[in-house]
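Colleague: Note that the protein sequences, when read in sequence, are chains Z and B. Under my numbering, the letters of the first sequence match residues 1 to 470, in that order. Under my numbering, the letters of the second sequence match residues 1 to 412, in that order.
FYI, nobody ran anything at the bench for these hints, they're computed from the structure. Here a beta-carbon is modelled for each residue, glycine too, at the ideal position from N, C-alpha and C. Don't take each hint at face value.
Distance ranges between label pairs, derived from CB positions [as the list claims (entries may be wrong)]:
hint, chain 1, residue 1, chain 2, residue 2, range
1, B, Arg174, Z, Asn126, 42 to 52 Å
2, B, Arg174, Z, Leu350, 40 to 50 Å
3, Z, Pro178, B, Lys309, 26 to 36 Å
Covered, in the sense of this in silico footprint (three residues per stretch, anywhere, with C-beta under 8 Å from a C-beta of chain B), are these stretches of chain Z [claimed, not checked]:
hint, region
4, 112-121
5, 159-171
6, 379-386
7, 392-404
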Amino acid sequence: MTATPMNPLRDGSHSFGLPLAGIRVLDLTSVWAMPYACGVLTDLGAEVIKIEGLQRLDTTREAGLYPDTNGGFEPWNNPGTYSVLNRGKRSITLNMASERGRELFRELVKTADIVVENYTARVMRNWQLDYDHLKELRPGIIMVSNTGYGHGGPWESYPVQGTSLEATTGIPNFSGYPGGRPWTIGQSYPDFVAMWHGLFGVMTALRRRTLTGEGQWIDLGMYSANVALQGEAMLDYVANGRLGERMGNRDHINGVQGAYQTAGDDQWMVVAAATDGEWLAMRGVADASGTLAWTGSPPATLAEARARHDEVDEVLSAWAATLSREAAVEAMRAAGLPAGPCNDARDLLLDPHMKVRGVYEMVDHFPGTGTGRRPIIGRAFRLSDEEIKVSRPAPKLGEANDYVFKEILGLSDSEFDDLVAEKITGTKEPLTEAPTGLPIDALLGVRRIRVHDPDYIEKLGIVQEGATPD
Amino acid sequence: MTLANELTSSPPLPGPMAGLRVLDLTRQIAGPYSTKLMADYGADVIKIEQREVGDPSRHLPPYFHDVVDAEGSLHFLYLNTSKRGITLDLKSERGREIFLDLARTADVVVENFRPGVMEEMGIGWETLHAINPRLVLTSISNFGQTGPYRDLRASELVEYGMSGVMTISGREDRSPLKHGLSQGQYDAGAYAAWVTAMMLLWQVQGREGQWVDISIMDVLSTTLVLNEPYYAWMGGIQGRRTPAGDGTGNGLADIMPCADGYVIVQHRQQEPWANVVALLEEPELDNDLYTSNEGRMLASETLYEALKKGLSRITKRELFEKGAKLGVLIGIAQDPADILNCPHLNARGYFVDVDHPTTGPMKYPGAPVRMPGTGWAVHRPAPLLGQHTDEVLDELGISAAERAELRAQKVI
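Looking at chain B on its own, in the form it has when it is part of the complex (with noise of 0.2 Å):
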């Protein structure tokens, strides 16, 4: 048996999510990527979109081979997958029974509109929570449905910016970074989802379902344990980096240039600095002046120029299993191309084929953390717009004559 056989199973077992049913009503990126990891773990997870239009995110950009299409954005295609699609007006009287004849039979509704949007709806916490006293409603948004601030707008950007995790990013003579891609977004759906879960460990013990509320501001907040304790211990507000080394310092545990890209030397304080002496052969770093942090502190320039020289000489893969031989840590900067073809993901069996009809087979991320024996998987690509609407309806007892009629008053 081959390794990435061994580590993934085929075919797909029930995931740990197995039986469970979620109403997804979510948007974009936050809510929709909670939500895949529920489905890919093996939940039945109902998309319920707005007719004709669907969820925004059919409608950002990538799109498969760029051709603008409803059904081709990569983004939805990445966070839609493993569950099932259905249109429904919600701002009519019956697609709103609807909606709540479905909430009956769920364990969980999973939101991201702006606070106060559910209430005006009428499928509000407090009607939920009366028609299903076990459901669990998770509620993503900007700030959260408490606080000063719960009305304000926002944007990945404005999330980042305020939430502390710009102001130590970047260089401190140019602008405040954010990371790249929508981290943010990515980073509230997998807090949700981990909330998520241990509501439904309290509801399967018994206990009535809550309403849970996640604020993207405050995710990205709480990662900030270095710069917390530093204003709450000694009074210490930490900056970007010194333009020093194009803001590496003395060039350790940071993004450095090496002979084909680019690296990351970290030297742990237990580890004894020869090992970055052996690791890079230069003679210039065998200097005890470097053997300890502060010292490394103190003389970051002339550390800089050595590690810079040592570091030109070698390649980023060359460095990586050097550094693994010697216990030191190392980072290669990768892209995409390295990702994909990258030996140690492709032994595990990390990447996943999913054939969607826009697309054909395509390779996708897979597993993120990896459950042996319960699984995971990707069940069916994302639906197309309204795909499962009749399938659903079906199941809770509504005809085709009244799905008809449904449709022809727009409400599916």
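Bound conformation, chain Z alone (with noise of 0.2 Å):
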């Protein structure tokens, strides 16, 4: 077993590579938020090792959302999301469910500096792979429990996934159309709260074990997280018995706003006033349109278009459909407000901000997965003397087998084969018929998309594999 020092950083070779260059982490999950928060750890220069049962592939490989609808013959290497989360990874497989799966799990923690894993709480507890554990194995270890609810508790086992819990968070009390149900919005919410804050735990937990040499177990439920971004209004029920109310898009501590539709095919923007100034100046906006029609006269104050609210919304979705989308956010932003367009996905992808930012990355993906150079989530933050990029495409499952078991664990090529013989890894025999997601024309017609553009590849300046690039 090749020996990895606890601390490469502390070993006198203070050469400066990203922050996380020379960290191992044991990549144990599955989905969303851990999958995405250890893609993004790659990014920063970590060796993220994604562990995945051949018996028990994370469901982002299994769920469709091929490159144009065909998943090729190894279909699990290929799907959308799974490429955004997973980018930078190696991959291999691994039975943990078998005894000798984890025990050879316990010799790469013996390598690791982080083990992140989203079981449910009792599963590294039944196998005795819990943290005391892990640091009786590997000293200094960091350890990301994520959960639904946190370790501890009588729903600590419950199982759980971001959809669904994002309404026992209790966000969606305050989020919906007036009087009606409550809504999520955005797709598993929970999700990305729990992956911030994760991230936050791994990296307050290396700073300190660079200083102290100790490790971390990092207990993230994700309910817990999603309670803490509500403070106000849970302050607000205790102090003065307030439940809260659902208000679509308007709130109680700004002014007057809005999404209003224009012209075009559901093309919407939106806009607020806060001030008296600000709301003189929207309805000078849709006075100059002609097309307002207030009952008496118009709003003179905040105050009174806040109380006068339906009635504001009904001139300005007037004005609106009387305009591109561009022209009315123009038009506002030309009158000083805070206005803009309710984006899509090809608005963004298109966006001439979003490209500035480098937010979507083009990354060109492994042959053989038929997914070519497509562009991928990057980050949202972007620092003074570096530029952070994705190091390397979304693995194909397994393809880091010899790497791991025979560098990094030392095993002979016979120690290996019988461990494939005993499927506690291995690869996936190619299949002989390319599966196909739903079509395009079902897609439309279940409403999964709105809209198809055939046009996207030339846009967005994707090469197909076995193209030349430019």
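Starting from two chains that each stand alone, build the complex the way the hints lay out.
Modeller: The structure is reproduced here in structure tokens:
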């Protein structure tokens, strides 16, 4: 087994690569939150080894969303969301449900800095792979246990995913149309809240370990993190007994605001006024169009406009409907108001600002996946002296089996072959017939997508596999 | 020992950020949430506010007992726990000097002014980097410090609209929706906190500080990990929910009414459909049409009706407990009262009592992420305006006489 120094940063060689250079992460996670967190760790220089059982692949590998709905002969290697979240990782297959598999995992832990897992609370404990056991194998180890509800407490082993958990966190109590049911917003929102707080825990624990040599267990319950993001509403209940309400796109702290539909196919813009002056400017823009129909005199102050918000919405809707989205946004911005388009995925991927910010990155995916060069989501920060980039594409299943079992763990070829024979590791045979996801027509029919843009390849500069890059 | 005692640390241990000093120029919600995380996890956060007015969030409702009071905004009280507070006129020459002296002693500065304001005040990145090369500056703004939108105005709603989150949220025959409350601001705060913590890891390795640029629009956009590849992988543009079932489609994985409130039944693709049938004991659900994902999409109308029928007979708590036993993912729509009385959060000792002069002891949400052995705690309530000005300036070696003079000159 290759010996890895506990902290490569304290061995005197202060070469400044990326902040997580020399850090090895064992990633036992699936779905969205922690796979994404570990993907971002690879951008920052960490070596992340994604561990999946051949019998239990990460569900995002099975989620369809293939390039042009064609899965190819190894459809587990090319789904879009899988490729976004798991960029930069190495991939091995290891059956954690077998004693031999866990033995090998223990050996790997002895070379690792961080273990990230999102099993239900009892699983790692039953396997004697909880933090107390891991730190005996590797003093200084940092372990992230991501669960829905956190370890300890009556719900600790309840099954959870972000989509359904969002209701339980309480945030939908405040989200939705006035008088209507609660709504979830975006896509599996609690996953990202967990990801960011988990990364905060990892970074502070790594810093502390650098100073003291001590490891850390990070008990990341998604519920706890999400409740922390509604502090003022929780305090409003404690202090004032208020349970909150659903207000659509309005709220209690801003003035007059809303989303208004413009000309075009489902095109919308948003605009807000927070002072009397801004309200008059907003009204002025609508007045100038000559489409308004106030009942009586128009609201003269922000307070009056708020009191007549439904009427304000009607007037602004009538105004917006006559203009293109761009013209409506421009008119409000020219009057000094915060305004913008409601962007969809195409708008964002082609947005000049997002381009300058490097939010999306073109990544050359591995040959054989059929993915080619496509844009994936990078990160939401920039640094003054360092350009952080995605390091590698998402891995093909089991591509690092040789590296991990033979180079890191030092198994001989015959020992490795035995593991394959016992199905503790191995590779998946390519299919003989390529599966297709739901075809575009069906996706449109069930409204999974609203519009299909056949020219997206050209617009995004995608280079399909086999084509010669420019 | 009770579970709550096991899970909380009493007396508070020094947090994992103990020993770090953070100068906090942030206002409103996004910046203050990032520095609250640092402060509750042990950093010495010095919040610098404008004289007399203070952080604008002191003037945001809701207020304690609905009394308008700069020391009673519940926004402010929650977002500024564990911080020390001073007032300083950064636009005066002496105020600027004092800030730079503090910056020499600090590890991090966090700010969320409009881009360019730090430079206008003479405390921009180059100035800070020159006087303290290891210092990290974290800037949070609507659209970031670069790019054509840098100087555009925004509000939470505008950030949500531009980020792409709204076009996929809500019903397709109604307007796009944002999250309630101020989630975009909290999200950017959480994001800024983790990136700052990463820079502190680099700092302790001996690397010089850098300027971290966080954009709220970017943060929200990076959550769209299904939406982005739908376009990049097949040219598909997602929209909002069909009006069917009030936007729930076939009723699964979205919020539906039950006997006493609202719930979500989420079915995982690898799980047998029989579990959902057993959960709701509704014969109409027991249909081969619903056993595959594609089948459920194609037969959404009848599935919705059957699910609604089954749900109408069960309360949210019954469904939640039964779902856990059967391994079906269940969400229950909770309001603040449900959460405050939640048996799970209370068994974990989640809520903490914070004793602020305006409110007396009051329950606050606790640690968002638990790091046993190093501790999270509310070390002190949110500061009164200027509460620690004397204490902090005294530490800087500014005498009482000099402070009196600074007060007379309205610098502090």
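Colleague: Give a verdict on every hint.
Modeller: Okay, the hints, checked on the actual structure:
no.: 1; hint: B/Arg174 with Z/Asn126: 42 to 52 Å; result: holds (47 Å)
no.: 2; hint: B/Arg174 with Z/Leu350: 40 to 50 Å; result: violated (26 Å)
no.: 3; hint: Z/Pro178 with B/Lys309: 26 to 36 Å; result: holds (27 Å)
no.: 4; hint: 112-121; result: violated (count 0)
no.: 5; hint: 159-171; result: holds (count 12)
no.: 6; hint: 379-386; result: holds (count 8)
no.: 7; hint: 392-404; result: violated (count 0)
In this structure, the hints that do not hold are numbers 2, 4, 7, in rising order.
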